[in-house]
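J.: Work out the full structure: start from the sequences and follow the hints.
In order, the protein sequences belong to chains A and B.
Our numbering numbers the first residue of the first sequence as 1 and each following residue consecutively.
Our numbering numbers the first residue of the second sequence as 111 and each following residue consecutively.
FYI, nobody ran anything at the bench for these hints, they're computed from the structure.
A couple of the hints might just be wrong.
Stated by the list, open to error - Here are the simulated BS3-like pairs of lysine-lysine, each with C-alpha atoms no more than 27 Å apart in a straight line:
id	chain 1	residue 1	chain 2	residue 2
1	A	K36	B	K167
2	B	K167	B	K123
3	A	K70	A	K36
4	A	K67	A	K56
5	B	K167	A	K70
6	A	K56	A	K36
As the list claims (entries may be wrong) - Covered stretches of chain A, going by a simulated chain B footprint (3 or more residues, C-beta under 8 Å):
id	segment
7	34 to 45
8	98 to 108
To be verified - Here are some chain B residues the structure puts well away from chain A; computed CB gaps all over 12 Å:
id	residue
9	I122
10	R165
11	S175
12	F179
Where is the CB? At the ideal position from N, CA and C, for every residue including glycine.
Each chain, written out:
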Amino acid sequence: GEDVEQSLFLSVREGDSSVINCTYTDSSSTYLYWYKQEPGAGLQLLTYIFSNMDMKQDQRLTVLLNKKDKHLSLRIADTQTGDSAIYFCAAKNAGNMLTFGGGTRLMVKP
Amino acid sequence: KAGVTQTPRYLIKTRGQQVTLSCSPISGHRSVSWYQQTPGQGLQFLFEYFSETQRNKGNFPGRFSGRQFSNSRSEMNVSTLELGDSALYLCASSMRSTGGAHNEQFFGPGTRLTVL
Chain A
1 GEDVEQSLFL
11 SVREGDSSVI
21 NCTYTDSSST
31 YLYWYKQEPG
41 AGLQLLTYIF
51 SNMDMKQDQR
61 LTVLLNKKDK
71 HLSLRIADTQ
81 TGDSAIYFCA
91 AKNAGNMLTF
101 GGGTRLMVKP
Chain B
111 KAGVTQTPRY
121 LIKTRGQQVT
131 LSCSPISGHR
141 SVSWYQQTPG
151 QGLQFLFEYF
161 SETQRNKGNF
171 PGRFSGRQFS
181 NSRSEMNVST
191 LELGDSALYL
201 CASSMRSTGG
211 AHNEQFFGPG
221 TRLTVL
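T.: In structure tokens:
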């Protein structure tokens with residue numbers, strides 16, 4: 001089955017850019033997603049990218065996809081303290097199943 | 111538009127008991143998926159229901175089961191609870207498109223189950 005891996009932790013200063021990385025194993029993954037989870041809450045979809053795209057930008061968020069290396073990244077520009085949360089990447093197969101990474105805890109220091 | 115609702119939000123049970131969790135999807139959504147989130151295993155897919163039929167199933171024992179009603183509301187049941195079943199159970203609803211098309215899943219806040 002699919003494996004999705006992320007680093008556990010990232011710490012940045014407010015105003016800096018954050019880059020969260022993710023790798024996946026199934027080359028037939030159709031869509032790749034980034035979700036945000038704040039304490040005590042469910043998952044909020046931030047953005048997604050189709051597998052035939054290289055990049056997608058949405059306001060402060062930039063997603064880069066290297067399909068050859070099966071590497072996905074999420075860049076958050078001008079990171080704010082409100083961005084502190086756990087970020088999950090997920091890969092979708094040809095059905096409707098999502099496989100999630102273990103999550104990256106982003107800490108933003110004032 | 112109301113979001114995905116899950117009840118109850120918190121639950122405490124003892125080993126050997128059974129539990130039923132409920133999920134009401136967003137109006138018009140016909141697919142409901144369930145996930146288990148634990149610190150050790152992360153987010154794992156349990157199953158997906160669409161039009162009252164189970165469409166996909168994750169790698170969980172038969173103690174975990176679910177169903178979906180004609181109004182798309184879904185329940186999941188865990189029988190003979192074990193300590194390791196303590197987790198946050200999340201459900202997500204979507205309209206469900208065919209094949210590999212984008213099909214955004216909207217998540218509920220989860221039910222936190224503690225097994226003592």
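J.: For every hint, state whether the structure bears it out.
T.: Going through the hints against the structure:
A C-alpha spacing of about 24 Å is found between A:K36 and B:K167, which places the hinted pair at or below 27 Å, so the restraint holds. This hinted pair checks out: B:K167 and B:K123 have alpha carbons roughly 25 Å apart, not beyond 27 Å. Restraint check for A:K70 and A:K36: the C-alpha separation of about 21 Å stays at or below 27 Å, so the hint holds. For the hint pairing A:K67 with A:K56, the CA-to-CA distance comes to about 14 Å; that is within 27 Å, so the pair holds.
Between B:K167 and A:K70 the alpha-carbon distance is near 25 Å, which keeps this suggested pair within the 27 Å criterion. With a C-alpha separation of about 17 Å, the suggested pair A:K56 and A:K36 falls inside the 27 Å cut-off, and the hint holds. Note: the segment 34 to 45 of chain A has 7 residues with beta-carbon separation from chain B under 8 Å; the three-residue rule is met and the coverage holds. Against chain B, the segment 98 to 108 of chain A contributes 6 residues with a C-beta closer than 8 Å to a partner C-beta. That satisfies the three-residue criterion, and the hint holds.
At roughly 17 Å, the least C-beta separation between B:I122 and chain A is larger than 12 Å, which holds for a residue marked as non-interface. At roughly 7 Å, the least C-beta separation between B:R165 and chain A is not larger than 12 Å, which violates its mark as non-interface. Listed as a non-interface residue, B:S175 keeps its Cβ farther than 12 Å from every Cβ of chain A; the least gap is roughly 18 Å. Non-interface call for B:F179 relative to chain A: holds, since the shortest CB-CB distance, roughly 19 Å, exceeds 12 Å.
In summary, the structure is inconsistent with hint 10 from the numbered list given earlier, while agreeing with all the others.
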